[in-house]
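Student: Given chain A, work out where chain B should sit, using these hints.
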Amino acid sequence: MSVPREEALPACFAGLGAGSPRPRQKRGGMFCSVEDAFDNKTLDFPSLSSSEPGTPPAGHRRGAGPDSGPGPGPGPGPAAVPLPAVAVAPGKRPDGCPQSDRLLIKGGKVVNDDQSFYADLYVEDGVIKQIGENLLVPGGVKTVDAYGQMVMPGGIDVHTRLQMPIMGMTSADDFFQGTKAALAGGTTMIIDHICPDTGTSLLAAYEQWRGVADSQACCDYSLHVDIPRWHESLREELEALVKDKGVNSFLVFMAYKDKLQCTDAQLYEIFCTVRELGAVAQVHAENGDIVHEEQKRLLELGITGPEGHVLSRPEEVEAEAVYRAITIAKQANCPLYITKIMSRGAADVLAQAKRKGTVVYGEPITASLGTDGSHYWSKNWAKAAAFVTSPPISPDPTTPDHLASLLSCGDLQVTGSAHCTFTTAQKAVGKDNFTLIPEGTNGVEERMSIIWEKCVVPGKMDENDFVAVTSTNAAKIFNCYPRKGRVAVGSDADLVLWNPKATKIISAKTHNLNVEYNIFEGTECHGVPTVVISQGRVVLEDGNLCVTQGSGRFIPRKTFPDFVYKRIKARNRLAEVHGVPRGLYDGPVHEVLASARAPSAAARIAPCAGKAAAPPVRNLHQSGFSLSGSQADDHIARRTAQKIMAPPGGRSNITSLS
Amino acid sequence: QSDRLLIKGGKVVNDDQSFYADLYVEDGVIKQIGENLLVPGGVKTVDAYGQMVMPGGIDVHTRLQMPIMGMTSADDFFQGTKAALAGGTTMIIDHICPDTGTSLLAAYEQWRGVAVSQACCDYSLHVDIPRWHESLREELEALVKDKGVNSFLVFMAYKDKLQCTDAQLYEIFCTVRELGAVAQVHAENGDIVHEEQKRLLELGITGPEGHVLSRPEEVEAEAVYRAITIAKQANCPLYITKIMSRGAADVLAQAKRKGTVVYGEPITASLGTDGSHYWSKNWAKAAAFVTSPPISPDPTTPDHLASLLSCGDLQVTGSAHCTFTTAQKAVGKDNFTLIPEGTNGVEERMSIIWEKCVVPGKMDENDFVAVTSTNAAKIFNCYPRKGRVAVGSDADLVLWNPKATKIISAKTHNLNVEYNIFEGTECHGVPTVVISQGRVVLEDGNLCVTQGSGRFIPRKTFPDFVYKRIKARNRLAEVHGVPRGLYDGPVHEVLAS
Numbered sequence: 002m003s004v005p006r007e008e009a010l011p012a013c014f015a016g017l018g019a020g021s022p023r024p025r026q027k028r029g030g031m032f033c034s035v036e037d038a039f040d041n042k043t044l045d046f047p048s049l050s051s052s053e054p055g056t057p058p059a060g061h062r063r064g065a066g067p068d069s070g071p072g073p074g075p076g077p078g079p080a081a082v083p084l085p086a087v088a089v090a091p092g093k094r095p096d097g098c099p100q101s102d103r104l105l106i107k108g109g110k111v112v113n114d115d116q117s118f119y120a121d122l123y124v125e126d127g128v129i130k131q132i133g134e135n136l137l138v139p140g141g142v143k144t145v146d147a148y149g150q151m152v153m154p155g156g157i158d159v160h161t162r163l164q165m166p167i168m169g170m171t172s173a174d175d176f177f178q179g180t181k182a183a184l185a186g187g188t189t190m191i192i193d194h195i196c197p198d199t200g201t202s203l204l205a206a207y208e209q210w211r212g213v214a215d216s217q218a219c220c221d222y223s224l225h226v227d228i229p230r231w232h233e234s235l236r237e238e239l240e241a242l243v244k245d246k247g248v249n250s251f252l253v254f255m256a257y258k259d260k261l262q263c264t265d266a267q268l269y270e271i272f273c274t275v276r277e278l279g280a281v282a283q284v285h286a287e288n289g290d291i292v293h294e295e296q297k298r299l300l301e302l303g304i305t306g307p308e309g310h311v312l313s314r315p316e317e318v319e320a321e322a323v324y325r326a327i328t329i330a331k332q333a334n335c336p337l338y339i340t341k342i343m344s345r346g347a348a349d350v351l352a353q354a355k356r357k358g359t360v361v362y363g364e365p366i367t368a369s370l371g372t373d374g375s376h377y378w379s380k381n382w383a384k385a386a387a388f389v390t391s392p393p394i395s396p397d398p399t400t401p402d403h404l405a406s407l408l409s410c411g412d413l414q415v416t417g418s419a420h421c422t423f424t425t426a427q428k429a430v431g432k433d434n435f436t437l438i439p440e441g442t443n444g445v446e447e448r449m450s451i452i453w454e455k456c457v458v459p460g461k462m463d464e465n466d467f468v469a470v471t472s473t474n475a476a477k478i479f480n481c482y483p484r485k486g487r488v489a490v491g492s493d494a495d496l497v498l499w500n501p502k503a504t505k506i507i508s509a510k511t512h513n514l515n516v517e518y519n520i521f522e523g524t525e526c527h528g529v530p531t532v533v534i535s536q537g538r539v540v541l542e543d544g545n546l547c548v549t550q551g552s553g554r555f556i557p558r559k560t561f562p563d564f565v566y567k568r569i570k571a572r573n574r575l576a577e578v579h580g581v582p583r584g585l586y587d588g589p590v591h592e593v594l595a596s597a598r599a600p601s602a603a604a605r606i607a608p609c610a611g612k613a614a615a616p617p618v619r620n621l622h623q624s625g626f627s628l629s630g631s632q633a634d635d636h637i638a639r640r641t642a643q644k645i646m647a648p649p650g651g652r653s654n655i656t657s658l659s
Numbered sequence: 042q043s044d045r046l047l048i049k050g051g052k053v054v055n056d057d058q059s060f061y062a063d064l065y066v067e068d069g070v071i072k073q074i075g076e077n078l079l080v081p082g083g084v085k086t087v088d089a090y091g092q093m094v095m096p097g098g099i100d101v102h103t104r105l106q107m108p109i110m111g112m113t114s115a116d117d118f119f120q121g122t123k124a125a126l127a128g129g130t131t132m133i134i135d136h137i138c139p140d141t142g143t144s145l146l147a148a149y150e151q152w153r154g155v156a157v158s159q160a161c162c163d164y165s166l167h168v169d170i171p172r173w174h175e176s177l178r179e180e181l182e183a184l185v186k187d188k189g190v191n192s193f194l195v196f197m198a199y200k201d202k203l204q205c206t207d208a209q210l211y212e213i214f215c216t217v218r219e220l221g222a223v224a225q226v227h228a229e230n231g232d233i234v235h236e237e238q239k240r241l242l243e244l245g246i247t248g249p250e251g252h253v254l255s256r257p258e259e260v261e262a263e264a265v266y267r268a269i270t271i272a273k274q275a276n277c278p279l280y281i282t283k284i285m286s287r288g289a290a291d292v293l294a295q296a297k298r299k300g301t302v303v304y305g306e307p308i309t310a311s312l313g314t315d316g317s318h319y320w321s322k323n324w325a326k327a328a329a330f331v332t333s334p335p336i337s338p339d340p341t342t343p344d345h346l347a348s349l350l351s352c353g354d355l356q357v358t359g360s361a362h363c364t365f366t367t368a369q370k371a372v373g374k375d376n377f378t379l380i381p382e383g384t385n386g387v388e389e390r391m392s393i394i395w396e397k398c399v400v401p402g403k404m405d406e407n408d409f410v411a412v413t414s415t416n417a418a419k420i421f422n423c424y425p426r427k428g429r430v431a432v433g434s435d436a437d438l439v440l441w442n443p444k445a446t447k448i449i450s451a452k453t454h455n456l457n458v459e460y461n462i463f464e465g466t467e468c469h470g471v472p473t474v475v476i477s478q479g480r481v482v483l484e485d486g487n488l489c490v491t492q493g494s495g496r497f498i499p500r501k502t503f504p505d506f507v508y509k510r511i512k513a514r515n516r517l518a519e520v521h522g523v524p525r526g527l528y529d530g531p532v533h534e535v536l537a538s
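From first to last, the protein sequence lines stand for chains A and B. Residue numbering for the first sequence follows our numbering, beginning at 2 and increasing consecutively. Residue numbering for the second sequence follows our numbering, beginning at 42 and increasing consecutively.
Please note: incorrect hints may appear among the correct ones.
Stated by the list, open to error - Computed list of chain B residues with no C-beta within reach of chain A, every gap over 10 Å:
1) Gln58
2) Asp68
3) Gln73
4) Lys85
5) Thr86
6) Ala147
7) Arg172
8) Trp173
9) Leu210
10) Lys297
11) Cys352
12) Lys444
13) Ala445
14) Ser450
15) Glu467
16) Ser494
As the list claims (entries may be wrong) - Incomplete in silico selection of chain A near chain B, CB under 7 Å:
17) Gly200
18) Trp378
19) Gly588
The hints are simulated quantities; they were obtained by calculation from the structure and are not laboratory data. Using N, Cα and C, we set each Cβ at its ideal position, and we do this for glycine too.
Only chain A is shown next, with the shape it has when bound in the complex:
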């Protein structure tokens, strides 16, 4: 693709051709980055909506640096290639950011989840174009020296809650700050949770989140959708999200009684729906009923501080919910993903279920791997409150080590941060009542280093396993592999240069977050991202973070991820049940008083398809959705198998069905 003569000494040649390939440290400071940010923002939208290839040529003023980033979704520009290297490469951005959309990464050890090897990488238009030795690259290419370092796929943080609205506040780190911190820590993609207000439609919440994120995120992102209250009419919304909006994962809550909590029957229905749609069911696993009772008891005992939070949510309560979720998912034959594995018990239950063949994935988070819950008893209220998250960080000091072991052996597969931070002032809303402390800890920035420190440094895993649990497995489960999660030709150039020899001490003084406390304060990490490349652009180098607000793209995800659904599909085929053909029973039948079994008639067979349609009584208990009647997808056959909820008041409307 490139001219042979250029390839020999790309850096020098670039210098020759264009002169001053690197006057880049005329960092313009605040003005430049602001300007840059706006540039990119404007660029971003067209690039998303149409094929962008026009941009790079035009871009030598504003586009040069950042533009490779907005590089449109999947197929960045073939158009970029033909354009003379020299013209663009010099790309001395007037802004401060040392940016080029062509990169040569030399001398590093490429680390994937399956193997490591020494090779150079050539990156163009945000995509890895070549891997190998003695690459033919155009002149004027920026070269990143990776000698002695590992070149890994950038981390994927599967669980963040940036800018999350709660109790009329929003979490302290917004999409800009949060993704910036992510990049600083070596994470180049996040999957954020949309948490719709009760009563808001899921689609509206989705649009709202997209709006915020598109204008702010500095790295690629994708979205999970939380289901706050299940009712039948949500089925269509889920379908729309899955089909048109690139969402393939939904979270349900087993905790937060009277707020977000679902009953077992609802879980079953949701799991069935999710499986039919080919999505992944995520569960926040805690027994909300018990938690609620314990909270009452503790408050009555006069325990109001953050220690009440952990006392009211004992480990067993988490393990129980995990067990239950797995049982229900197995019944519904739905792949299950447990968010936030915080305790030994929960992890062990999950590991055992895997041994029985259940398709279940577990996500320990930075906090559960990196620290323990002894701090809940800190005399410093603000510090103790900073640790409040649900399920709580286990006070058992052996938990991080145990979780690290399970993560290393494959029983747990994927890591998130559950990053959802609140300032001390925000946390202080619950200063007199631990149940009001907004829940969430930091972790998006620290995740990669903590996992390296807890798993690789003590020899529990090698660097390939590290890539698997921080990036590859996530990409596979959530179906953006191999675009993300792999260093390969054609994959997105989201890369981390990892220096296993460098050391960093985590501290609130140096972190990139909007909060006063860092729950990992003082942890020394022997392994640090030295260079981070997002969308083919260097965003971290020499300790300088150079991000562009709004440059993050939404990564849509398809349904039926192979990694998850191959087994599910096979089991679906096997799961047919058959009745026993018998002659009619014609013996005596005991008479039953009519009153004794009112619902009996109802429970009888609802024989065939059309029957379920258009119940005159839509379930009034559940729906603010009164114009129901016939629905857009009434014609679809599977609606015949639709489950009708038994409302609290009785099953009379089922009677009317049959």
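Tutor: The following block gives chain B in isolation, referenced to the frame of chain A:
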């Protein structure tokens, strides 16, 4: 009948040891144990040479004469206790299942009234809690303090009917612990069962096989796990009725290993047969097996449960005897969810356990006594009056002949039903003489029972066997807050709404 008995030459078997001794019984109580006893003249002598003299069996779970859907189960208190005696069981603990809306106390009186006139052996009563509400607390207290009931059953299944939520379970467990009673749980996830039932009926599966398909083993294990978790939180001793599957038993065994105070009750049906019969072409036969949780279709289950019972992970056995005639079962001939649930087992329990556990060498005769009688007496607090051969204990005794053989069959059983789910099972171990309240009720194959002779055995609260550990933990369970200065930093404003 004489009220004085000399039992000569037998091997006395308790849960801790066996020894050869004669027994002298008077006024329904064991008066002397030893050799060369001094006994008054004219005493009836029972020859026990070559046989084992054991405490009579205690069946911890029966539902005789249970009202359901306007019917009552086929074996009433007379027939049921008669069958119990025929099988070597000299005490039953029956479940009171109050109608929703009936007060527990009223139901208790009703059951007592029926049982007192009909039972032929001693009995005691559990009370089921069909729907929890706060005001039941006083009723429980009354039952515990004045009525000799110390165990209550709650349901995690039967959605929209008997099912309790987790929060209710927690409350009930707390109440039960405060009262010093034992919390029993019927463990199945009713929500899932309900969904599966709907699904299967929609698929057109209406026969008894639908019953087992709608209640898979995992659903039982899940509920056991949940019940144990909640009980542990509430620091309440837990008793799981009807352990029917490997999964449930394993969950329970693991919880014991973590120190939870939990007891599991496999029943005659789960130890003696498997659920393959649900697919029988004979509807009536298939329906006879319908009980909840269902008998596991996995043929390795009985053996596994027998192993756990032998090693102490499961401690106690019941029969869950609740029989219905074929005509009664046929109420659900077009819909498996309407088949009344319950199987036989009160008569066969002792022999089945001997056959499955002692004959293959999994347990010795002392363990056998433990799981059929002694542990039950300890858990439900009638030890050592029941469950032990000792001076002062009730003379409820079984002379067990390990050499005799019997084949179980509906033709010969003492029940009111047409099918026996253990039909054709050969048992190498048979009760030859059964003594209830000091009177011989079975001898030479002749059953001689007296309707209404059974006494109600009141049970006290806080059974030591169960509560010693609970009490110790209660003392340790206090929690303390952290004394901190008042937080005086900035507080984010929260919208009132």
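Student: Each hint needs a verdict: does it hold in this structure or not?
Tutor: Structure-based check of all given hints:
1. Every beta carbon of chain A lies more than 10 Å from that of Gln58 of chain B, the smallest distance being close to 38 Å; the non-interface claim holds.
2. Distance check for Asp68 of chain B against chain A: the nearest CB is about 44 Å away, which clears 10 Å, and the non-interface claim stands.
3. Every CB of chain A is more than 10 Å from the CB of Gln73 of chain B (nearest about 51 Å), matching its label as outside the interface.
4. Look at Lys85 of chain B: its CB is around 44 Å from the nearest CB on chain A, clear of 10 Å, so calling it non-interface holds up.
5. For Thr86 of chain B, the non-interface assignment is confirmed: its Cβ lies about 48 Å from the closest Cβ of chain A, beyond the 10 Å cut-off.
6. Against chain A, the non-interface label of Ala147 of chain B holds: every CB pair exceeds 10 Å, the least being about 19 Å.
7. For Arg172 of chain B, the non-interface assignment is confirmed: its Cβ lies about 13 Å from the closest Cβ of chain A, beyond the 10 Å cut-off.
8. Separation of Trp173 of chain B from chain A is adequate, the least Cβ-Cβ distance of about 13 Å exceeding the 10 Å criterion.
9. Here Leu210 of chain B does not stay apart from chain A, with its beta-carbon only about 8 Å from theirs, under the 10 Å limit.
10. The claim that Lys297 of chain B lies off the interface holds: its Cβ sits roughly 14 Å from the closest Cβ of chain A, which is beyond the 10 Å cut-off.
11. Non-interface call for Cys352 of chain B relative to chain A: holds, since the shortest CB-CB distance, roughly 20 Å, exceeds 10 Å.
12. Listed as a non-interface residue, Lys444 of chain B keeps its Cβ farther than 10 Å from every Cβ of chain A; the least gap is roughly 40 Å.
13. With a least CB separation of 36 Å from chain A, Ala445 of chain B remains clear of the 10 Å interface cut-off, as annotated.
14. Every CB of chain A lies more than 10 Å from the CB of Ser450 of chain B, the least distance being 20 Å, so the non-interface label holds.
15. For Glu467 of chain B, the non-interface assignment is confirmed: its Cβ lies about 28 Å from the closest Cβ of chain A, beyond the 10 Å cut-off.
16. With a closest Cβ-Cβ approach of about 30 Å to chain A, Ser494 of chain B is found to remain outside the 10 Å limit, as its non-interface label requires.
17. For Gly200 of chain A, the shortest C-beta to C-beta distance to chain B is roughly 13 Å, which exceeds 7 Å, and the interface hint is violated.
18. At a threshold of 7 Å, the smallest CB-CB gap from Trp378 of chain A to chain B is about 5 Å, leaving the interface hint in force.
19. Taken as an interface hint, Gly588 of chain A checks out: its beta carbon lies about 6 Å from the nearest beta carbon of chain B, inside 7 Å.
In terms of the numbered hints stated before, the structure departs from hints 9 and 17, listed from lowest to highest.
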